[in-house]
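Use these hints to put chains H and P onto chain C, whose structure you have.
Chains as they are written, first to last, in our numbering: chain C, 1 to 270; chain H, 1001 to 1320; chain P, 2001 to 2278.
Please keep in mind that the hints were generated in silico from the structure rather than gathered at the bench. Some hints here could point you the wrong way.
Think about it this way: if two alpha-carbon atoms lie no more than 20 Å apart in a straight line, the pair counts; the simulated SDA-like pairs of lysine to any residue are [said to hold, decoys possible]:
{"#": "1", "chain 1": "H", "residue 1": "K1126", "chain 2": "P", "residue 2": "F2013"}
{"#": "2", "chain 1": "H", "residue 1": "K1126", "chain 2": "P", "residue 2": "P2056"}
{"#": "3", "chain 1": "C", "residue 1": "K2", "chain 2": "H", "residue 2": "Q1140"}
{"#": "4", "chain 1": "C", "residue 1": "K2", "chain 2": "H", "residue 2": "N1136"}
{"#": "5", "chain 1": "H", "residue 1": "K1126", "chain 2": "P", "residue 2": "N2058"}
{"#": "6", "chain 1": "H", "residue 1": "K1126", "chain 2": "C", "residue 2": "Q5"}
{"#": "7", "chain 1": "C", "residue 1": "K2", "chain 2": "H", "residue 2": "W1130"}
{"#": "8", "chain 1": "H", "residue 1": "K1126", "chain 2": "H", "residue 2": "L1211"}
Calculated from the model, a selection of chain P residues having no Cβ within reach of chain H, i.e. all distances over 12 Å [as the list claims (entries may be wrong)]:
{"#": "9", "residue": "T2002"}
{"#": "10", "residue": "R2078"}
{"#": "11", "residue": "L2080"}
{"#": "12", "residue": "R2084"}
{"#": "13", "residue": "T2179"}
{"#": "14", "residue": "R2243"}
{"#": "15", "residue": "S2263"}
Label-pair distances were calculated between CB atoms; the ranges are [claimed, not checked]:
{"#": "16", "chain 1": "H", "residue 1": "L1162", "chain 2": "C", "residue 2": "V101", "range": "54 to 60 Å"}
{"#": "17", "chain 1": "C", "residue 1": "V101", "chain 2": "H", "residue 2": "L1248", "range": "19 to 25 Å"}
{"#": "18", "chain 1": "H", "residue 1": "L1060", "chain 2": "C", "residue 2": "R33", "range": "40 to 46 Å"}
{"#": "19", "chain 1": "P", "residue 1": "R2125", "chain 2": "H", "residue 2": "G1169", "range": "50 to 56 Å"}
{"#": "20", "chain 1": "H", "residue 1": "P1228", "chain 2": "P", "residue 2": "T2179", "range": "27 to 33 Å"}
{"#": "21", "chain 1": "C", "residue 1": "P213", "chain 2": "H", "residue 2": "A1052", "range": "27 to 33 Å"}
{"#": "22", "chain 1": "H", "residue 1": "L1211", "chain 2": "C", "residue 2": "S158", "range": "30 to 36 Å"}
{"#": "23", "chain 1": "H", "residue 1": "A1178", "chain 2": "C", "residue 2": "A82", "range": "52 to 58 Å"}
Note that CB positions come from ideal geometry on N, CA and C, so glycine has one too.
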Amino acid sequence: MKRLQLWLGIALVAGVVLTAAVSLVWTPFDPIRVVPGQRLLPPGWPHLLGTDGFGIDIVSRLMVGARLCLLVGVISVSLAAAVGVPLGILAGQAGGWVDEVVMRLSDVVYAIPAVLLAILLAAGFGASTVTAMVAIGVATIPAFARVARAGTLQVMASDFVLAARSSGTSPLATAGRHVLPNVAPLVGVQASVTFALAILAEAALSYLGLGTPPPTPTWGTMLRDAQSYVYTDPLQALWPGLAIALAVLGFNLLGDGLRDHLDPRLREVS
Amino acid sequence: MSVLARQVARRLGIFAVTLLGASVLIFAITSALPGDLAQVMLGLDASPEALAALRAELGLDRPLPLRYLAWVGGMLGGDFGISRLSGYPVLQLMAPRFAVTGWLVLFGMIGALLIAVPAGMVAALKRRHWQGFAVNALAQVGMAIPVFWGGILLVSLVAVRLRWLPANGYVPLSQDPAGWASHLVLPALTLSLVQGAVLIRYVRSAFVEVLDEDYYRTARAIGWRPAPALLRHGLRNAAMSLVTVLGLQLSAVLVGAIVVEQVFALPGLGTLLLTAVQQRDLLLVQGTVMFLVLAVLAVNALVDFSYLAIDPRQRTGESR
Amino acid sequence: MTLLEIDGLDIDFGRRRVPAVRDLSLRLEAGGRLGIIGESGSGKTVTALAVMGLLPENAHVRGSIRWQGTELLGLPERDLAALRGNAMSMVFQEPMTALDPTMRVGRQVAEAYLLHRGEATTPARERVLAMLAEVGLDDPERVADGYPHQLSGGQRQRVVMAMALVNSPDLVICDEPTTALDVTVQARVLATLDRVLDAERAACLFISHDLAVVSQVCEQVVVMLEGRIVEAGPVSELFGDPRHPYTAGLVATARLDLVEPGSRLPTVEDFYAERGTP
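Isolated chain C (complex conformation) (with noise of 0.2 Å):
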């Protein structure tokens, strides 16, 4: 059973890349051009899912809406990684003051959700896919911290490193030889989970109007749009939940099937 969800989460994960991929040379139609005459036309021959409100064939929306999904998730969570990871192994390796303060710091940034945070760039900044991913990555920062902080800890604990440690290595010496490969696949998993997050993330924000700005296809935006067909087409608004559906599954199940994969070391990971 645990099997069968590692390899579903990857089945997910490697469609949607998959999708995205193709999209950068080909979609079945064009996704950004208007078509008046092609409006809101059901499932079927040409097109599979049949067009939305703009005559736009929906599975090459989608296609393409993949791909920026992709890229929020990458951005986000390397940002989020790049600077947590770090800062989490050197609160569990210095202790002291610094843990306290590194600790505190990220409790004061895990108080403002990710699309809050999103919400206040916005406002500052203007809306776009960037303030999104900054958004997003900046508040998933504690939660690597943590994950790596938690990691750091059970490593530094361990006979090995007190030999190296005793035997004069120096502390980065420590963290790149045997604190890192210890913590990457609890950071790994977080990675993963952290992505399905980002995307629901970024979805949410696109559906209210703070991401991606038209006429770039996301799924979230994609699905704002469906929301004035609710009475007239109700089935517009299947498609795009529904990958945002899969694509976040999929993720998840890879987070989960990797943190079953490596139990029982890992303990921490939220």
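What follows is chains H and P alone, placed relative to chain C:
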């Protein structure tokens, strides 16, 4: 100082420090970083006179630390700033909307618990059978559903197709209880379904821990069947970890509420905030976000205090 | 009628069928006291759990366990639950964790009473206080109104005994009830157990690894080794004339007062070398 008083003091200290830090962060993003605030608020084609007037009005020429302290000082006195566009104090604009968002969050959480506790029990008791697997699968799916998609689907099914409930809008409780309830059902249900799915795994793991405990075995030995034994003795012992999770999830539920208000056009804090962003009403944004963060941090602090009520051992300072 | 009859009991665990109990048979009459001696892994706790119907899901049970003539194996959970805590009850080994830490002591004892009896004859509070006094707890009111963490190990075990006896069961199964207690407390708790069993005229299945402890409560004993009964009989006979070498080892380690000063303490292995796992 008694053990209890010491614990309360420590918790209050953490609350204060985190709140302060968050306020600095919020202030930095809305007042400090964007550069010329007046320009941002009035737009690119504002006249130099209008910009100068606004700058004077908002005291933008004062040094940043002073502006920050003025803002914080104002809030301590109940002044969250003035909304630029409407001219009304921020707090006054927020006040009628507290109830809407509050009801939504409250019923969303209650609904989530009503879903998660029974489901989590089934998942724990039947964890090696098909029922357990089914519950886990449903939870995974529920977690992956974006809350606004769930809302739209519910609207199109229940409100449009079946016409059982209204699709949007709100009626205050004092005005018409039946209408109030009917307008809140779908939004709260949307939140509950997604939050409930998230909570299921926590409930499940808390109950699974109880199943391994000796007092559960004692309960079985005196004649309780598995489900009542788990409910009677497991709920109280699992309550602590559940309450912790609820507290942690509060900000997620709040964000969900903000989004759901958009889907169902509810006049709550969420729609106020989003309108403020669209209109570049920075002070309103600043004040509203600060209030929301304050609310979440306060609830989390209260949650910590509630441990003292649930676990009698905490009162006398014994460790678990 | 014989209170409890076990015939040919076989218990395995899991898919790999790890054997725990093999071909076990015993009889217990009403009011009788039977001790089950063996070390950890000998299958004694598993046997007790089988009688109570509290084995984990992955247990495979064959054979027969008859309670006052009724076959227990295969009985639906609802019927087994009606017997537990009522006609038969169990006291476990770890008193420190046996009670719900979030519930008052009195309420937990009352639970067992109210679950089966209701308040038909005596109000719960009265019955609970009476039981707490009977198991030797001073100031039953304070104990009942307090929480488990306010009690010592010996006191908690007495509370558990009160829970086990509150419905005047016909059988009380005790699984190493004093092993986790201090030696000084052990003797007192055992004396209380002996007295209370007499007063309630309850039969007792007493499980332990310690022959000396068992002999204080029981007249008859069976010795279990690797899931089987290797010897059975009155305690005095086992002490005086052990037939199986393992029993001889147990007796020798129980009678340390017979050891010559200056000589090496006897171990069970001196008498019986274990086959199989180290």
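- Query: Which earlier hints turn out false for this structure, listed by number in ascending order?
  - Reply: Hints 10, 11 and 12 not satisfied by this model.
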